[in-house]
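Asks: Sequence:
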Amino acid sequence: MELQNRDRFNSVVNGIFESLAAAFPVPIDVDAHLLGLVKGPAYKIVNHSQIPADEVEFEVYEFVTSCVEWLESADYLRASKHYSSLSKNVLLTEKGLQLLNASPISLLRGNYT
805 MELQNRDRFN SVVNGIFESL AAAFPVPIDV DAHLLGLVKG PAYKIVNHSQ
855 IPADEVEFEV YEFVTSCVEW LESADYLRAS KHYSSLSKNV LLTEKGLQLL
905 NASPISLLRG NYT
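Count along the sequence shown from 1, then add 804; that gives the number in the numbering used here.
Wrong hints could be hidden among the right ones.
Have a look at the derived ranges for each label pair, beta carbon to beta carbon [unchecked claim]: (1) E898 with V850: 24 to 34 Å; (2) P908 with W874: 48 to 58 Å; (3) S884 with N915: 28 to 38 Å; (4) D833 with D879: 15 to 25 Å; (5) L807 with N893: 57 to 67 Å; (6) D858 with N915: 27 to 37 Å; (7) G844 with Y916: 18 to 28 Å; (8) H886 with S853: 18 to 28 Å.
Dumping the calculated SDA-like pairs for lysine to any residue here, alpha-carbon to alpha-carbon at most 25 Å [said to hold, decoys possible]: (9) K899 with E876; (10) K892 with M805; (11) K899 with S815; (12) K885 with S910; (13) K899 with A827; (14) K848 with S870; (15) K892 with Y916; (16) K848 with V830; (17) K843 with K899; (18) K892 with H852; (19) K892 with W874; (20) K848 with H837; (21) K892 with E806; (22) K892 with N915.
If you're looking for bench data, these hints aren't it; they were derived computationally from the structure. Glycine residues also receive a C-beta, built at the ideal position from the N, C-alpha and C atoms.
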């Protein structure tokens, strides 16, 4: 069985990990705009209400959020809150750092007596 979104998932996850590694240990907000996958904002204001700015781009925002939620459920990262178009305060966990082979030396055993 082949995963229909595997290549898309891999591409988005690589972008997420690159962004989180560059910011570590500072949490960041993750969305499709940060990853360079869309040109515009997720929402526009019409009659004092927020609506998706572009249906095609909004689906990309939702896909990125789904990827972040999955990575969080697999313990590669943590986030404080998820919205349909944005994940707030996202940070790599120890498991995520190990996956990227990016664990700080200060967190490795044997460095302290």
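Asks: If a hint holds in the structure, say so; if it doesn't, say that too.
Replies: Structure-based check of all given hints:
1. At about 44 Å, the CB distance of E898 to V850 disagrees with the hint of 24 to 34 Å.
2. The beta-carbon spacing between P908 and W874, approximately 25 Å, falls outside the hinted interval of 48 to 58 Å.
3. The hint said 28 to 38 Å for the Cβ distance between S884 and N915, and at roughly 30 Å that hint holds.
4. D833 and D879 have their C-beta atoms about 20 Å apart, which keeps the hinted 15 to 25 Å range intact.
5. Hint check: L807 to N893, Cβ distance near 29 Å, so the stated range 57 to 67 Å is violated.
6. A hinted range of 27 to 37 Å for the beta carbons of D858 and N915 is inconsistent with their spacing of about 49 Å.
7. Between G844 and Y916 the beta carbon distance is about 49 Å. The supplied range of 18 to 28 Å is therefore violated.
8. Checked against the hint of 18 to 28 Å, the pair H886 and S853 passes, with Cβ atoms roughly 21 Å apart.
9. Taking the CA atoms of K899 and E876, the gap is about 11 Å. The hint holds against a cut of 25 Å.
10. Our distance criterion of 25 Å between C-alpha atoms is broken by K892 and M805, whose separation comes to about 33 Å.
11. Under the criterion of a C-alpha separation no larger than 25 Å, the hint pairing K899 with S815 is consistent with the structure, at around 20 Å.
12. About 29 Å separates the Cα atoms of K885 and S910, which puts this hinted pair outside 25 Å; it is violated.
13. With a C-alpha separation of about 16 Å, the suggested pair K899 and A827 falls inside the 25 Å cut-off, and the hint holds.
14. Distance hint between K848 and S870 is fulfilled; the C-alpha atoms sit about 21 Å from each other, no more than 25 Å.
15. A hinted pair counts as satisfied when its Cα atoms are at most 25 Å apart, and K892 with Y916 does not qualify at roughly 34 Å.
16. Proposed proximity of K848 and V830 is contradicted: the alpha carbons are some 29 Å apart, above 25 Å.
17. Annotation: proposed proximity of K843 to K899 is violated, straight-line Cα distance about 32 Å (limit 25 Å).
18. Annotation: proposed proximity of K892 to H852 holds, straight-line Cα distance about 24 Å (limit 25 Å).
19. Taken as a hint, the K892 and W874 pair is honoured in the structure, with Cα atoms around 15 Å apart against an allowance of 25 Å.
20. Between the alpha carbons of K848 and H837 the distance comes to roughly 15 Å, so the proposed pair stays at or under 25 Å and holds.
21. For the hint linking K892 to E806, the alpha-carbon distance of about 31 Å lies beyond 25 Å, and the restraint is violated.
22. Straight-line distance between C-alpha atoms of K892 and N915 comes to about 33 Å, which puts the hinted pair past the 25 Å bound.
Checked against the numbered hints given earlier, the structure breaks hints 1, 2, 5, 6, 7, 10, 12, 15, 16, 17, 21 and 22 and satisfies all the rest.
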